[in-house]
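Protein chains in written order, with our numbering: chain F, 1 to 76; chain B, 1001 to 1158.
Among these hints, one or two may not hold up.
Heads up, simulated EDC-like pairs for lysine to aspartate or glutamate below, C-alpha to C-alpha not over 20 Å straight-line [stated by the list, open to error]:
| no. | chain 1 | residue 1 | chain 2 | residue 2 |
| --- | --- | --- | --- | --- |
| 1 | F | LYS65 | F | GLU41 |
| 2 | F | LYS24 | B | GLU1151 |
| 3 | B | LYS1097 | F | ASP40 |
| 4 | B | LYS1114 | B | GLU1151 |
| 5 | B | LYS1097 | F | ASP39 |
| 6 | B | LYS1114 | B | GLU1135 |
| 7 | F | LYS23 | B | GLU1103 |
| 8 | F | LYS24 | B | GLU1110 |
| 9 | B | LYS1086 | B | ASP1102 |
| 10 | F | LYS26 | B | GLU1110 |
| 11 | B | LYS1033 | B | GLU1130 |
| 12 | F | LYS69 | F | GLU35 |
| 13 | B | LYS1097 | F | GLU41 |
| 14 | F | LYS26 | F | ASP4 |
| 15 | F | LYS23 | B | GLU1110 |
| 16 | B | LYS1033 | B | GLU1135 |
| 17 | B | LYS1109 | B | GLU1135 |
| 18 | F | LYS24 | F | ASP64 |
| 19 | B | LYS1097 | F | ASP4 |
| 20 | F | LYS23 | B | ASP1095 |
| 21 | B | LYS1097 | F | GLU57 |
| 22 | B | LYS1097 | B | ASP1015 |
| 23 | F | LYS69 | F | GLU57 |
To be clear, the hints were calculated from the coordinates, so they are not data collected in a lab.
For reference, the chains in residue letters:
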Amino acid sequence: MKADATLDCIGLYCPMPIYNTAKKLKELKPGQVLEVLADDEGIKEDMPAWCRTTGNELLGIEEDKGEYKVYVRKAR
Amino acid sequence: MAEKVTLVVFSGEMDKALAAFNIAIGAASMGMKVSMFFTFWGLNIIKRNEGPIKSRGLMRKMLNRMNRGGSHRLPLSKFHMLGLGKWMMGKLMQDAKFPSVDELIATAKEAGVKFIACTNTMGVMGVSKEAFIPEVDSFGGVAAYLAEAKESRVNLFV
């Protein structure tokens, strides 16, 4: 999936991935896509929940050998 | 209007402080307005680490010597083992790159979390405002807490 920016959260535990995502997304324009890299499995539940609450769109989560690529589109 | 979250932080142990700050930072990241009310032993989390903390009267002086507080002096609620358990937990956290209490305090402030210290406990224990870190936003009582809690969807006691 193509993204406008990438955020590396490898090695970080809850709540830092969602905290960093919230911070990073402020730098993006509405409609742009952020790719978040993470290896804490909690991200699979946390990012969808974060998106539901904040109104941003979760485009998908790709898993590869314990690492996750999460795609979030900033709300318009 | 943003949803509100209030936390009463009553406990003064490191593990409970971590849990409280985690929730506060998570809520702030989700766009909620977060207030943390520190009361009783919880005040130890937001006391400054350096220098002596003054208080008046023999009993209060003794209490504040035994209950010095400060983010670097917080025990574990379980397996503290005179500090050995805490040292080991600190190591594990460092290995896992988990933030320390100090880092969580800084992150919480950056995320806009409000810190309120309970003046009632301060009065009983005989500690003044100068005992606390500058990150404390205000000093208040139960009404200050309830006014916020009443408007909160999430309200926790740690």
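Hints versus structure:
Our distance criterion of 20 Å between C-alpha atoms is met by LYS65(F) and GLU41(F), whose separation comes to about 11 Å. Between the alpha carbons of LYS24(F) and GLU1151(B) the distance comes to roughly 29 Å, so the proposed pair goes past 20 Å and is violated. In summary, the hint linking LYS1097(B) to ASP40(F) is supported, as the alpha carbons are separated by about 12 Å, within the 20 Å threshold. Taking the CA atoms of LYS1114(B) and GLU1151(B), the gap is near 15 Å; set against the 20 Å cutoff, the hint holds.
Between LYS1097(B) and ASP39(F), the direct Cα distance comes to roughly 13 Å. Compliance with the 20 Å bound is thereby established for this hinted pair. Between LYS1114(B) and GLU1135(B) the alpha-carbon distance is near 9 Å, which keeps this suggested pair within the 20 Å criterion. Between LYS23(F) and GLU1103(B) the alpha-carbon distance is near 16 Å, which keeps this suggested pair within the 20 Å criterion. Of the pairs offered as hints, the one joining LYS24(F) and GLU1110(B) holds, with about 14 Å between alpha carbons and a cut-off of 20 Å not exceeded.
For the hint linking LYS1086(B) to ASP1102(B), the alpha-carbon distance of about 15 Å falls within 20 Å, and the restraint holds. For the proposed pair LYS26(F) and GLU1110(B), the alpha carbon gap of about 14 Å is at most 20 Å, so the pair holds. About 26 Å separates the Cα atoms of LYS1033(B) and GLU1130(B), which puts this hinted pair outside 20 Å; it is violated. For the suggested pair LYS69(F) and GLU35(F), the alpha carbons sit about 6 Å apart, so the restraint of at most 20 Å is met.
Taken as a hint, the LYS1097(B) and GLU41(F) pair is honoured in the structure, with Cα atoms around 16 Å apart against an allowance of 20 Å. Distance check on the hinted pair: LYS26(F) and ASP4(F) sit about 13 Å apart at the alpha-carbon level, within 20 Å; holds. The hinted pair formed by LYS23(F) and GLU1110(B) meets the criterion: a straight-line CA distance of about 10 Å does not exceed 20 Å. For the given pair, LYS1033(B) sits about 17 Å from GLU1135(B) by alpha-carbon distance, which is consistent with the 20 Å threshold.
For the hint pairing LYS1109(B) with GLU1135(B), the CA-to-CA distance comes to about 7 Å; that is within 20 Å, so the pair holds. Under the criterion of a C-alpha separation no larger than 20 Å, the hint pairing LYS24(F) with ASP64(F) is inconsistent with the structure, at around 23 Å. Restraint check for LYS1097(B) and ASP4(F): not satisfied, since their Cα atoms lie roughly 27 Å apart, outside the 20 Å limit. As the CA atoms of LYS23(F) and ASP1095(B) are separated by approximately 25 Å, the hinted pair breaks the 20 Å bound.
For the suggested pair LYS1097(B) and GLU57(F), the alpha carbons sit about 29 Å apart, so the restraint of at most 20 Å is broken. Between LYS1097(B) and ASP1015(B) the alpha-carbon distance is near 16 Å, which keeps this suggested pair within the 20 Å criterion. Under the criterion of a C-alpha separation no larger than 20 Å, the hint pairing LYS69(F) with GLU57(F) is consistent with the structure, at around 15 Å.
Checked against the numbered hints given earlier, this structure breaks hints 2, 11, 18, 19, 20 and 21; the rest are met.
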